[in-house]
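Student: Take a look at the letters that make up each chain.
There are 2 protein chains.
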Amino acid sequence: MTLPNAQTIRHMVVFDLKHPRESAAARQFLEDGRRMLTSIPTVRNFGAYDQISAKNDYAYGFSMDFASQADYDAYNDHPAHMQFVRERWETEVTRFLEIDFRLPTDPKGEDQQ
Amino acid sequence: MTLPNAQTIRHMVVFDLKHPRESAAARQFLEDGRRMLTSIPTVRNFGAYDQISAKNDYAYGFSMDFASQADYDAYNDHPAHMQFVRERWETEVTRFLEIDFRLPTDPKGEDQQ
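Chains as they are written, first to last, in the numbering used here: chain A, -9 to 103; chain B, -9 to 103.
Just so you know, these hints were derived from the structure itself, not from any lab.
Don't take every hint at face value.
Which copy is meant is left open, so a pair is good if it fits within one copy or across any two.
[Stated by the list, open to error] Heads up, simulated EDC-like pairs for lysine to aspartate or glutamate below, C-alpha to C-alpha not over 20 Å straight-line: (1) Lys45 - Asp63; (2) Lys45 - Glu21; (3) Lys8 - Asp67; (4) Lys45 - Glu88; (5) Lys45 - Asp6; (6) Lys8 - Asp63; (7) Lys45 - Glu80; (8) Lys45 - Asp22; (9) Lys8 - Asp61.
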């Protein structure tokens, strides 16, 4: 889905893990991330992905949508997010890049199909 | 929307333009990109976005979905894509990073909500 309106934010992070690709530990991290982060009420359309472009070196990605900046803030401050960051992210992720997409103010920036 | 199945690929690129942010030339680039790339039949769910995370320096993003690697290849080889790259991307984009998401083989990596 394209983003429905100019308030919605798609938050993504691409990252590497200390675990080997395809390992059970890597798959468990993605699954635990999904479980813990989707427990936060403001998280919409969560996806845990393999990053497969050969043009960058990141191995995985998370994607989620927030209906507003307030919903995004509520996620950042939520105990489940803080627990995930402290217990898993900071101990298993070796590098990452965060990316946030929002529609331009000019609605022509978005395809309406 | 989360990706519907393990064949679908979400192709994204974050980038900077030589034009100032919020300028008419920047907005025109996003609009022309939308128009030219959505003319390619295999492009689904196209979005042209502002990149708003303060944790990276990219200003814009395109996102599109392909139903399969074959659809992705058809896009790469399509004359409209090659024209856009040659006439606009190579002359107006100053730096970029491509990212592709695909569901892990293990379907538990994806939230089914």
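Student: Of all the hints numbered above, which does this structure not satisfy? Sort the numbers upward.
Tutor: 2, 3, 6, 8 and 9
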